[in-house]
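Visitor: So you can see what is in the structure, the chains are spelled out below.
2 protein chains.
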Amino acid sequence: MIEDKNQQRTDLSQLGEFGLIDHLSKSFEIKQKSTIKAIGDDAAVLEYDNKRVVVTTDFLVEGVHFDLSYMPLKHLGYKAVIVNLSDVYAMNAEATQITVSIAVSNRFPLEAIEELYAGIQTACKLYDIDLIGGDTTSSTSGLIISVTAIGQVDKDNEVYRSGAKPNDLLVVSGDLGGAYLGLQVLEREKEVFKVNPNSQPDLDAYTYIVERQLKPEARKDIVKLLHELEVKPTSMIDISDGLSSEILHLCKASKVGCDLYENKLPLDPQVISTAEEFNMDSTTIALSGGEDYELLMTISQEDYPKIKANPNLTVIGFITEAASGAHLVTRGEQKIELTAQGWNSFDKD
Amino acid sequence: MIEDKNQQRTDLSQLGEFGLIDHLSKSFEIKQKSTIKAIGDDAAVLEYDNKRVVVTTDFLVEGVHFDLSYMPLKHLGYKAVIVNLSDVYAMNAEATQITVSIAVSNRFPLEAIEELYAGIQTACKLYDIDLIGGDTTSSTSGLIISVTAIGQVDKDNEVYRSGAKPNDLLVVSGDLGGAYLGLQVLEREKEVFKVNPNSQPDLDAYTYIVERQLKPEARKDIVKLLHELEVKPTSMIDISDGLSSEILHLCKASKVGCDLYENKLPLDPQVISTAEEFNMDSTTIALSGGEDYELLMTISQEDYPKIKANPNLTVIGFITEAASGAHLVTRGEQKIELTAQGWNSFDKD
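Chains B and A, in that order, are what the protein sequence lines are. Sequential numbering from 1 applies to the first sequence in UniProt numbering. Sequential numbering from 1 applies to the second sequence in UniProt numbering.
Check the hints yourself; a few may be wrong.
One copy or two, it doesn't matter: identical chains are merged, so the pair holds either way.
Heads up, simulated DMTMM-like pairs for lysine to aspartate or glutamate below, C-alpha to C-alpha not over 20 Å straight-line [claimed, not checked]:
1. Lys31 / Asp221
2. Lys215 / Glu302
3. Lys33 / Glu47
4. Lys51 / Asp154
5. Lys125 / Glu217
6. Lys31 / Asp128
7. Lys264 / Asp154
8. Lys252 / Asp204
These are calculated hints, taken from the structure and not from any lab test. Owing to the predicted nature of the structure, the values given are computational and were not obtained by experimental measurement.
Throw the hints in and build the complete structure from the sequences for me.
Guide: In structure tokens form, the structure reads like this:
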């Protein structure tokens, strides 16, 4: 009845998620005094007196972000919360509240949704988060979860993506690549199961990496640790789409370059052995794997003594002038330009 | 691979949306000092020093909440914002920021999403709202929009659903039933179009009600007006699911009853004439139609002189003791128990 006379069609996959957000939000103006930072970081920042409030939101769509054939609903609920808390911690803030909205088709019984909420609740308990709202509705297909997380931070303690300076150290928490390899293991088991439904998966050799995929944690402890060490990072971001992609976000927002050292990348032994088993390069996985939910930050050189003995933090490179570009320095001392091979949901189908 | 051993299945439609939220949230505890009000009102309330922050979120799902064959994307974007702002105003708060997340299948070109955002932007401009974040992702089917709205209100100025007292007046802004009848007109035109694709809809006689459906407004002006009149309602809710349903929410939250007068219901002449045309009862439509986004409130009797001359506000009844129940007093002086015939998305398919 209402005809679309606009014949132009630009495929969404040409833009990708980040491109799409940039494109759509560029014409919006900011008018509220309380809006300190809108789109463009891990979370938005609002100000009320001397408290700053951070807000972040994420969608999880069945068939795009998760596959219920190997993702138990309880784990999914847990992960949906963690993914958002991770964005709050990446602002150097304390996560305090979430809202959870779900759209669900009638093929899910109440008991399934209860499982999902049991996972959400476990995450809330473990991270001291209040569930303060949400919406539930039916969907014509599949399960869609939208979580918004709210946090707070004292004024001027928040850390953006944009504060990195040349000579700052590039630091990462935990280790990398586990979540991606855990997914490979789960997908392999799914194929085996399709061929022989009586097969019992033996995941004993992969417990760490499977847990990294199914039950990731957000690094609340790192924000606390940094506070105790009296280190305020100059910039920070969480690693959801792969280290390369996140480094490039930091460099772009801070208008700097960087040298990243291959031999410094923190890898768990299970990541190394499983990568070999799958005939994959562990460096590529660490750079592009995604879903590790570790924190990537830059710190001033003068803070190095405070962090150098800490097993939770690894220096993996340093920041350079923008003109130098962003590079990986390989074990063979070669300099390779860093490229984002992060994940773009619009490329999936 | 992961077997669900839980054989019990409770159909979601048995619970309905409100039942589902109640059911799922009852086991969550509140731990944050800044959480003043969590689930159970139009919006959550957080506190930072003397400012209270309200947060509300809503999902709009294609095929459930909207039909793109008669809902232009620009109007959809506008409405998605309005629906959420309405919840903020229902707290007697000022709406300040929104986040917008969309999941969209590849069948939508960028230009379609731009149309959607043009509508979002128009709403932001008109209502002085900052877009501060969001997420875009692909979906395996259809379009899903999740909007979270944030607002602020001075401490103790927020109005909950729970403050109504016996003898308070029941007051509604604007008029009722238009949005529902607008939808009936649009659905009729869609059927005509299916039979004869060359037919041109003539909607001239229905401009007001079609606009109520396609381009509803949130009553920011009423919050401002109440402030100017120095009236703080004792309770307030926005009318999204139909007057009966919302009155019952207020009564339940406030532990009171009410008498609602059929002959006081504010109806636009176009609502009356179109209801007749469709052979529908205009009172039923006003009670159960939904999507009017007017504000329903209770005010203390002593505030009556301040509002009585105002064309934007209509007294439609008064609050009674809980034991009296909630009733409609008909034109024939009959007392009929009020029942919620609001909308439940889980009943749709």
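Visitor: Among the hints numbered above, which are violated by the structure, and what are their numbers in rising order?
Guide: 2, 7, 8
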